[in-house]
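Visitor: What follows is each chain in one-letter form.
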Amino acid sequence: MERFILRYEGAGEKPVDDLEKIRAVPKLKVVDDSSRMLLVEAPNDSVAGLIATLPEWKLTKEVFVPIPDPRPRVRQ
Amino acid sequence: MSANTQQFILLPPRGLNAGEVVPATSFVHNFLLSLEGARVAAPAMRRSLRATAKTKLQVIDSIHENGAKLVEMSPEAVSSLQAEQPGLRIVPVVFYFPARAPRPMPAAAPKAAGASLKISVTVVSAVDQTPIAGAKVVAFTDFANRFGTEATTNSKGVAALALGGTSKKIERLYVYCEHSFWNALKRNFTLKSGAVVPLTPIDVGFTDCLRHFHGNSPDNAGQGITVAVIDTGVGPHNDLNVNGGENTVLGENPSDFADNGEGHGTHVAGIIAARGGAPRGLAPGVTLRSYRVFGKGAKGASNFAIAKAIDHAVADGCDLINMSLGGGPSDEALHSAIVSAREKGVLVLVATGNDDRAPVSFPASDSMALAVSALGRKGTFPPGTTEFGDVANPLGKDKANFIAAFSNIGPEVALTGPGVGIISTFPGGKFAIMDGTSMACPAVTGAAAKLLAAQPALLNTARDQTRSDRMAHEVLKAAISLGFQPTLEGQGLLKV
Numbered sequence: 015m016e017r018f019i020l021r022y023e024g025a026g027e028k029p030v031d032d033l034e035k036i037r038a039v040p041k042l043k044v045v046d047d048s049s050r051m052l053l054v055e056a057p058n059d060s061v062a063g064l065i066a067t068l069p070e071w072k073l074t075k076e077v078f079v080p081i082p083d084p085r086p087r088v089r090q
Numbered sequence: 047m048s049a050n051t052q053q054f055i056l057l058p059p060r061g062l063n064a065g066e067v068v069p070a071t072s073f074v075h076n077f078l079l080s081l082e083g084a085r086v087a088a089p090a091m092r093r094s095l096r097a098t099a100k101t102k103l104q105v106i107d108s109i110h111e112n113g114a115k116l117v118e119m120s121p122e123a124v125s126s127l128q129a130e131q132p133g134l135r136i137v138p139v140v141f142y143f144p145a146r147a148p149r150p151m152p153a154a155a156p157k158a159a160g161a162s163l164k165i166s167v168t169v170v171s172a173v174d175q176t177p178i179a180g181a182k183v184v185a186f187t188d189f190a191n192r193f194g195t196e197a198t199t200n201s202k203g204v205a206a207l208a209l210g211g212t213s214k215k216i217e218r219l220y221v222y223c224e225h226s227f228w229n230a231l232k233r234n235f236t237l238k239s240g241a242v243v244p245l246t247p248i249d250v251g252f253t254d255c256l257r258h259f260h261g262n263s264p265d266n267a268g269q270g271i272t273v274a275v276i277d278t279g280v281g282p283h284n285d286l287n288v289n290g291g292e293n294t295v296l297g298e299n300p301s302d303f304a305d306n307g308e309g310h311g312t313h314v315a316g317i318i319a320a321r322g323g324a325p326r327g328l329a330p331g332v333t334l335r336s337y338r339v340f341g342k343g344a345k346g347a348s349n350f351a352i353a354k355a356i357d358h359a360v361a362d363g364c365d366l367i368n369m370s371l372g373g374g375p376s377d378e379a380l381h382s383a384i385v386s387a388r389e390k391g392v393l394v395l396v397a398t399g400n401d402d403r404a405p406v407s408f409p410a411s412d413s414m415a416l417a418v419s420a421l422g423r424k425g426t427f428p429p430g431t432t433e434f435g436d437v438a439n440p441l442g443k444d445k446a447n448f449i450a451a452f453s454n455i456g457p458e459v460a461l462t463g464p465g466v467g468i469i470s471t472f473p474g475g476k477f478a479i480m481d482g483t484s485m486a487c488p489a490v491t492g493a494a495a496k497l498l499a500a501q502p503a504l505l506n507t508a509r510d511q512t513r514s515d516r517m518a519h520e521v522l523k524a525a526i527s528l529g530f531q532p533t534l535e536g537q538g539l540l541k542v
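Chains as they are written, first to last, in this note's numbering: chain A, 15 to 90; chain B, 47 to 542.
Watch out, some of these pointers could steer you wrong.
Per the computed footprint, the stretches of chain B lying under chain A, defined by three or more beta-carbons under 8 angstroms from a beta-carbon of chain A, are [stated by the list, open to error]:
{"no.": "1", "stretch": "188–194"}
{"no.": "2", "stretch": "350–360"}
{"no.": "3", "stretch": "366–378"}
{"no.": "4", "stretch": "395–403"}
{"no.": "5", "stretch": "481–495"}
In silico DSSO-like pairs for lysine-lysine, Cα to Cα no more than 30 angstroms straight-line [claimed, not checked]:
{"no.": "6", "chain 1": "B", "residue 1": "182", "chain 2": "B", "residue 2": "390"}
{"no.": "7", "chain 1": "B", "residue 1": "390", "chain 2": "A", "residue 2": "35"}
{"no.": "8", "chain 1": "B", "residue 1": "390", "chain 2": "A", "residue 2": "75"}
To give an idea of the chain B side of the interface with chain A (calculated C-beta under 8 angstroms), a few residues [what the hints assert, rightly or not]:
{"no.": "9", "residue": "296"}
{"no.": "10", "residue": "310"}
{"no.": "11", "residue": "345"}
{"no.": "12", "residue": "346"}
{"no.": "13", "residue": "347"}
{"no.": "14", "residue": "382"}
In short, the hints are calculated from the structure, not lab data. Positions of the beta carbon are idealized from the N, C-alpha and C atoms, including for glycine.
Use the sequences and the hints to build the structure in full.
Guide: Quick look at the structure:
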């Protein structure tokens with residue numbers, strides 16, 4: 015299952031009702047959270063459907079940024 | 047559209063209209079209204095106007111009177127407009143095409159290595175011939191196509207390069223050491239088995255590129271400013287005083303914000319705040335906080351960990367956020383975190399990336415970030431070092447200055463900073479040489495801290511978008527051009 019970031023864009027704290035709605039999604043698991051975000055594991059289609067009902071939230075796939083290194087590398 | 051102009055969209059900090067989601071600063075609101083006035087006054091002529099003191103642009107279309115404007119201007123003008131209207135988002139117009147399946151393209155043919163025959167190279171200290179273990183030796187037989195091989199030295203300082211012979215013509219041979227020595231570069235020679243490469247030990251009193259441009263700062267430089275370093279973690283190092291932070295890597299101890307072993311974040315932090323005898327950071331007086339986003343043994347940081355670190359750095363009262371990282375596609379989570387930081391009065395500085403003059407990478411390309419390219423100077427690295435490979439045209443007004451060959455560039459560049467052959471701290475009380483926009487970014491962050499520390503009235507204003515806009519404005523207007531195109535240097539070097 016892929017990981018997604020749900021980021022709350024509204025004013026104040028993350029609404030409790032929204033959090034309940036997110037946690038109620040079948041097969042969705044919250045793996046980390048912060049003041050404005052949740053990191054979740056869930057099937058692709060279920061989060062896409064979820065976000066349509068949460069207009070103050072933004073959905074992004076989790077991606078990874080490498081450590082910067084300007085050294086020329088041998089092409090493998 | 048004339049030959050040297052491009053179309054850009056000018057936007058308020060958030061949304062499409064100033065004041066749509068959060069109140070826009072009066073600067074941006076008034077600026078967008080003034081453009082609307084000019085557009086309405088002469089719609090048929092699409093009249094060119096001098097939008098600011100320095101910037102000439104043409105308004106093509108508008109979504110709302112105080113909202114998004116489609117304009118034409120030169121890429122070089124973006125930097126000066128950003129300097130004069132720091133809360134304004136300036137986004138290149140992009141065009142979307144049908145998503146056709148890509149056609150197969152031939153790949154560059156890899157060169158057969160003939161791996162059975164190897165050339166041994168011994169790496170030693172130039173001072174006492176002591177063998178150096180763990181040095182990475184990279185031999186290019188065809189540098190343009192990046193053909194070659196690499197190996198790491200063993201305990202006797204010997205690396206075995208699979209080059210398919212006992213002697214081979216080499217275009218470039220790089221030797222990299224983790225710390226304590228300058229890295230070496232040899233060009234266009236025949237490498238024979240048994241070759242010895244001596245490395246020059248680091249003299250911490252050497253005038254590198256950073257000290258050439260900025261000298262040494264007193265202990266109190268930057269006092270009153272809190273700086274977040276979002277990176278691989280910081281320290282331990284006796285010259286660094288880390289005043290808290292957080293590890294936002296999933297599954298790791300949140301209070302372990304020391305370096306993960308890569309040394310990158312420690313080097314970055316030293317450029318900002320090292321407070322030993324030498325080398326010193328640009329602002330040793332700052333309150334330094336470390337936010338570790340790279341896990342132990344991990345080569346990548348998740349956008350969640352980075353966005354979380356930004357949010358927490360803002361909540362922890364940081365004034366400046368240094369992000370010497372980037373690459374990959376733009377994403378909403380990081381963009382929102384940067385926008386949110388700016389709305390809460392915090393300035394975010396990001397390295398442009400090290401992809402050999404490629405476009406500025408994300409998140410440096412985010413219009414609410416200040417993107418920093420890497421500056422180098424001939425004569426600030428010893429003979430035979432890898433930094434000679436970073437020299438590239440065009441040179442600056444002073445012909446010793448150059449924008450590093452590896453530095454990403456483009457209209458988003460806001461500033462440039464020393465980033466070639468930089469001596470700074472490395473975990474365990476050591477010192478290392480590193481190159482990159484990763485080093486240029488903290489040089490600008492340190493200089494910005496030094497500059498802003500002298501403006502307590504600005505620092506004490508409410509933590510909102512106006513504060514961060516004014517901070518950006520002060521930083522950008524204090525920069526001096528070194529004679530490069532704005533797409534290379536932005537507003538230039540912040541010399542405080």
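Visitor: Can the stretch 366–378 of chain B be counted as covered by chain A under the rule of three residues or more with Cβ-Cβ separation shorter than 8 angstroms?
Guide: holds (count 8)
Visitor: Can you verify the interface hint for residue 382/B: is its Cβ closer than 8 angstroms to any Cβ in chain A?
Guide: Given a least distance of 5 angstroms, the restraint on residue 382/B holds.
Visitor: Count the residues of the stretch 350–360 of chain B with a beta-carbon closer than 8 angstroms to any beta-carbon of chain A: does the count reach three?
Guide: holds (count 6)
Visitor: Less than 8 angstroms between beta-carbons is the criterion; does residue 345/B satisfy it with respect to chain A?
Guide: Result: holds, 6 angstroms to nearest chain A Cβ.
Visitor: Answer holds if the nearest beta-carbon of chain A is closer than 8 angstroms to that of residue 347/B; otherwise answer violated.
Guide: 5 angstroms, holds
Visitor: Under the criterion that the straight-line Cα-Cα distance not exceed 30 angstroms, is the pair residue 390/B, residue 75/A satisfied?
Guide: 25 angstroms, holds
Visitor: Can you tell me if the stretch 188–194 of chain B counts as covered by chain A, using C-beta to C-beta distances under 8 angstroms and a minimum of three residues?
Guide: Per the Cβ count (5), the hint holds.
Visitor: Holds or violated: is the Cβ of residue 310/B closer than 8 angstroms to a Cβ in chain A?
Guide: 6 angstroms, holds
Visitor: Answer holds if the nearest beta-carbon of chain A is closer than 8 angstroms to that of residue 296/B; otherwise answer violated.
Guide: This interface hint holds because 5 angstroms falls under the 8 angstroms limit.
Visitor: Does residue 346/B pass the interface check with chain A, least Cβ-Cβ distance below 8 angstroms?
Guide: 3 angstroms, holds
Visitor: Does the stretch 395–403 of chain B contain three or more residues whose Cβ lies closer than 8 angstroms to a Cβ of chain A?
Guide: It holds: at least three residues are needed, and the stretch 395–403 of chain B offers 3 whose Cβ sits within less than 8 angstroms of chain A.
Visitor: Cut-off 8 angstroms, C-beta pairs, minimum 3 residues; does the coverage of the stretch 481–495 of chain B by chain A stand?
Guide: holds (count 4)
In summary, the structure is inconsistent with hint 6 from the numbered list given earlier, while agreeing with all the others.
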